[in-house]
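Number of protein chains: 2
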Amino acid sequence: MEELRATERTRIRRMPKRGSYDRALINSIIDQALFCHVGFVHEGTPFVIPTLHVRVGDRIYVHGSAASRMLRTAAGGVPMCVTVTHIDGIVLARSAFHHSVNYRSAVILGVAEEVVGDAEKNRVLEALVNHVVPGRWSEARPPHPKELAATSVLGLPITEASAKVRPGGPVDDEEDYALPVWAGNIPIRLTAGAPIPDERLGPGVAISPSVAGYRLPGERGDRNGTSG
Amino acid sequence: MEELRATERTRIRRMPKRGSYDRALINSIIDQALFCHVGFVHEGTPFVIPTLHVRVGDRIYVHGSAASRMLRTAAGGVPMCVTVTHIDGIVLARSAFHHSVNYRSAVILGVAEEVVGDAEKNRVLEALVNHVVPGRWSEARPPHPKELAATSVLGLPITEASAKVRPGGPVDDEEDYALPVWAGNIPIRLTAGAPIPDERLGPGVAISPSVAGYRLPGERGDRNGTSG
Chain A
1 MEELRATERT RIRRMPKRGS YDRALINSII DQALFCHVGF VHEGTPFVIP TLHVRVGDRI
61 YVHGSAASRM LRTAAGGVPM CVTVTHIDGI VLARSAFHHS VNYRSAVILG VAEEVVGDAE
121 KNRVLEALVN HVVPGRWSEA RPPHPKELAA TSVLGLPITE ASAKVRPGGP VDDEEDYALP
181 VWAGNIPIRL TAGAPIPDER LGPGVAISPS VAGYRLPGER GDRNGTSG
Chain B
1 MEELRATERT RIRRMPKRGS YDRALINSII DQALFCHVGF VHEGTPFVIP TLHVRVGDRI
61 YVHGSAASRM LRTAAGGVPM CVTVTHIDGI VLARSAFHHS VNYRSAVILG VAEEVVGDAE
121 KNRVLEALVN HVVPGRWSEA RPPHPKELAA TSVLGLPITE ASAKVRPGGP VDDEEDYALP
181 VWAGNIPIRL TAGAPIPDER LGPGVAISPS VAGYRLPGER GDRNGTSG
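Residue numbers (the numbering used here), protein chains in the order written: chain A, 1 to 228; chain B, 1 to 228.
These are computed hints drawn from the structure, not numbers from a lab. Note that the structure is predicted; figures quoted are calculated from it, not measured. Wrong hints could be hidden among the right ones.
If we take Cβ atoms under 7 Å as the criterion, some of the chain A residues that face chain B in the derived model are [what the hints assert, rightly or not]:
id: 1; residue: Phe-47
id: 2; residue: Thr-85
id: 3; residue: Phe-97
id: 4; residue: Pro-180
id: 5; residue: Trp-182
id: 6; residue: Thr-191
id: 7; residue: Ser-208
Label pairs and their computed distance ranges (CB to CB) [unchecked claim]:
id: 8; chain 1: B; residue 1: Pro-142; chain 2: A; residue 2: Glu-114; range: 50 to 56 Å
id: 9; chain 1: B; residue 1: Pro-142; chain 2: A; residue 2: Ala-6; range: 33 to 39 Å
id: 10; chain 1: B; residue 1: Ala-149; chain 2: A; residue 2: Pro-209; range: 53 to 59 Å
id: 11; chain 1: B; residue 1: Glu-3; chain 2: A; residue 2: Glu-3; range: 49 to 55 Å
Simulated coverage check for chain A against chain B, where a stretch passes if three residues somewhere in it have a Cβ under 8 Å from a Cβ of chain B [stated by the list, open to error]:
id: 12; region: 6-20
id: 13; region: 24-32
id: 14; region: 103-109
Glycine included, C-beta positions come from ideal geometry on N, C-alpha and C.
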């Protein structure tokens, strides 16, 4: 078990017993998520943008249009925060105050680096597509050089990071357990529905293996297409 | 249809056709979400924290421990960003480059104000609990004054805000439509499972109406317990 060093910025202050700096736990929270939220500061304003991600080894990568404000700002070497969140359940206590949610979240802080070179960019984009839909990369047309040039990829080292996990049922004040109020939790998860074919799908084009057997990142038992 | 004024900070630059400043659309994105991500800057570092929210009228509220860094920082009158995200589907194109996701997101910028006074705080917390689980507030024990004092509630006016929506199927380059690659989209949604009773649930305590008929915010046809 590798523990990351807690810093003044990542040390869990609220409910420290729920916090962790264990790399394997942080990695699993990242790997099981379909998307993340990226925070950055632009001219004094904090912005939070949802985006897809992938972890390769000890880095988390995001991508986007080379023209986007998020990518241009973050590629400029400014501090960035990537937050990955799973809401796993609604916790119903006997008191309104102790209502809560079950969650697993990871917060990664640092300065992102732009991925340069078509080969490396291509490698990360392959991991990204395969993180979202395992095996999809080899089914689709690969990027043209012009498409690669229009895409920015940023990598953030997972060195200053923390996880926070709240599992289980409600925790009520001792005197409230006698109240005749139903308590427990309602599990929540992201689910995928049946694939919808494109209107312009040619006749005789069969559903791809990656789509037919599709499982979301949180539903996979293994790493499926991302390395490390 | 009320249009919010686009500012230099909220104007949608990437894919402006997907952007909107329509208050009704922004409200519906907020109302149909279970949780949001709050961004704020603390000593130069951007932080992004997941949290529950509720909209009441033209404000979005978040709450937390009065001792939390997020609440203390944001209550100090610093700029804040609240981002609400629904990932609605994975879009599979014939080319790797045109893979995408369907989403609805809202970004609200501004300076939050702390809710003061127990009556007002109580009213917002009631709306918050009922946003997550409609009808739950009146089933549970109401907050003691000490519990209210330990809870901070922040309200952010929904004045500087934008929405972005990407629906539908893939958009491929014209020459790629002839490729024998399956294309379409996989719908994604948050779902709730069967309620799990607390281990310490007393015998004879029946499941509450709010739990028995539980539907997530995105599955409700009406506003269910939040006003405006």
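Contradicted hints - numbers only
The structure conflicts with hint 13 only, although it agrees with all the remaining ones.
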